[in-house]
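There are 2 protein chains.
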Amino acid sequence: MSDAKKTISRVYLDWAAATPLLPAAYAAMEPYLLGGFGNPSAIHAEGQQARVAVEAARATIASAVQVRPEYVTVTSGGTEGNNLAIFGLVESLSKGNPSTGLVGRAYESMTVITTKIEHPSVGEALVALAARGVQVRYVQVTEAGKIDLEHLRTLLDASVVLVSTALINSEIGTIQPTRAIHKILHTAEVKYDTNIYLHLDAAQAPLWLNCQFDALGADLVTLDAAKFCGPKGVGLLIRSKRTHLAPAVFGGGQESGLRPGTENVAGIVGAARALEAAQANWRARADQVRAVRDEAIEHILTMFPKGNPSEVLLNGAVGVDRVANNINISIPGLDTEFAAVVLDKHGFAVSTKSACSGAGSGASTVVQETTKDPARASATLRITLGPDNTIEQLQSLTGVLKKHVMQMSGY
Amino acid sequence: MSDAKKTISRVYLDWAAATPLLPAAYAAMEPYLLGGFGNPSAIHAEGQQARVAVEAARATIASAVQVRPEYVTVTSGGTEGNNLAIFGLVESLSKGNPSTGLVGRAYESMTVITTKIEHPSVGEALVALAARGVQVRYVQVTEAGKIDLEHLRTLLDASVVLVSTALINSEIGTIQPTRAIHKILHTAEVKYDTNIYLHLDAAQAPLWLNCQFDALGADLVTLDAAKFCGPKGVGLLIRSKRTHLAPAVFGGGQESGLRPGTENVAGIVGAARALEAAQANWRARADQVRAVRDEAIEHILTMFPKGNPSEVLLNGAVGVDRVANNINISIPGLDTEFAAVVLDKHGFAVSTKSACSGAGSGASTVVQETTKDPARASATLRITLGPDNTIEQLQSLTGVLKKHVMQMSGY
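Same order as they appear, the protein sequences are chains L and P.
When the letters of the first sequence are read in order and numbered with the numbering used here, they come out as residues 8 to 418.
When the letters of the second sequence are read in order and numbered with the numbering used here, they come out as residues 8 to 418.
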């Protein structure tokens, strides 16, 4: 970084991509980084101390989402969690269970339903699953990014084993109506005498929504500590009692054999503390940030009146169906990659789409799928707030953005 | 822990299971835990700072093992690394490569060779691979735990695609003759006009052996930061130029698409610093520890003369084929699980076998396979030293052990 850059105070507005580690989470991790390094599978005091820490953390996580600890599996992050949920379920159904008489199902006899606006860790996993012979059906989404429930009903039949979607879309912030989806799936389960599992990638949720497991109506919920002020490299997969998974990695018996490998003790402890804090006051946090966010959206739309200098369009839902901290706009015709770089030089960290979709190039498939407008899809800016961001910061960002747009427009 | 326990100074002798985090590695990690939390895939300064850290760490790792950075893939640990090496290679061969004209091979047409003394993350992965139709052949090992090279020759044919073994056995510390294995495989490659890849689980190596990639003669080398004074939850998979892997997890394009998911920035940075330090003076460290270890073995054998009160047998190799810090003994007839607990109460942290093989119960399959002696296999103690352990500590341990054995024997 140049000296000039260092003097600019930074305004971080990319909370959907990464969050700072909560000081309390760091404090909880420190003893296991600096001191207690035992292998939790070892029988001596050092090992047992680590085991106690891991299981206490699991209990904290379980309590935060209101499940029993045995339904919490720790992974290395959201991507592994989504992959384990999808492949783990389908492989388990494929294998069947000789001890309970459950007959294995051929890949070709199974269908998974998803949308075309999922994070790559769901979307690409399902492409790989399709290559094994499983049928993948795509349910339509509305312009706001919500699953079309009528269309979902038409896609359901006895072959459907899984519906996988993000609880909150990572780009446009749309919250799916999971209770309504659950109800539709349950009706189909009764009709077809089958189990249709619901998997939610809830990576964007813990800071802003109630993640109590029963409230979500899902069988599988993926969380990523790096998105709720926990450490990077730790994910959580929560499952319902009826859900059985086959492991995707083989080794020692850790995580009940479902995810072997020596436990990342410090990481798990930090994730637990962060999740507890995230869920403890999600509502107050969301209310506060939503107020700033709503004022900011109004300000942006006011500053960019239609056609002067350039149109600004809000992508995603309005109101309760939008997560509290998300602003996603398109400025058709503008090179928003460049705009993001200009904003960065002025101290504002924003993104154009999801980091995992490639920071570099290409249009947003999420905005393309929801708006069917290539000009809009190729000119997105994602601004995701944290609890400390202020309306003044967002007004300042808007000023820089307007100046840039005017320069680009030759005003 | 009780207050009484706290007053006993601890002697940690389970370095094969877990190692303390190097202070310099912790210092390197701290800025990415406390401050720089950006997502390396983001385009703004916070993201780019994280990207620079990840790629600088990859360059440090590459330099420590003398490969180009693009051949270093970061995983969540040794277990994931071993699984990715095995499944990644076989899946890649199975798929073929349409762009180069390489035809995909049916699972049934491929053979993998391994031993029966591998860590579960190799052994169980190969059981799962066999379930897909790949043939798995087990090469015999000597009583010292070394691969029987003559037997290996007889197992090679045009179907063999992979040989997978630990560079250093995690229980008995035997070092495999990888150059000799490489030579035998190369001869077979020429004879059968095929590629036979060599995978080494080198998790136990970096503190005690030269891990320069070319010196190992392998195509795939798995490392685990938790075993070389780096953080838990970080593994490294190094591959040769000719080795292509298929990903086992699907998502964003991180780690060249081979291992997607937001990078564990602090973890990778810590692993790099620890590996650099481990390899910088492995020889001096090994020489020093070997001297203590050899004196300790002699002391133990002297203190337990044959039959009085109980026989002590050294498992594994003697001399240069044994890693510097490993002592593995059997005391036939003794409940060594209980002995390990008694030693723990006296302040000594040791294990009976590898932590991942289950801290709890059961005989050592490694010692069973090498000695064919169930009494010996069910009475193992593994004592693995670190650089700070002294002969006095090991003499003290031997005293406690002898007292315990005499009590158990009714002396």
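Since the hints were made in silico from the structure, they are not lab data.
A hint or two may mislead.
Quick look at which bits of chain L chain P covers, simulated, 3 or more residues with Cβ under 8 Å [stated by the list, open to error]:
hint, region
1, 122 to 130
2, 155 to 163
3, 255 to 262
4, 266 to 276
5, 386 to 399
Negatives, chain P to chain L, calculated, CB over 10 Å [stated by the list, open to error]:
hint, residue
6, 45
7, 86
8, 89
9, 112
10, 168
11, 186
12, 247
13, 259
14, 312
15, 348
16, 350
17, 370
18, 380
19, 407
Cβ coordinates follow ideal geometry from the N, Cα and C atoms, glycine included.
Quiz item: For this structure, which hints from the list above don't hold up?
Solution: Hint check: 2, 5, 6, 7, 8, 13, 15 and 16 fail, others pass.
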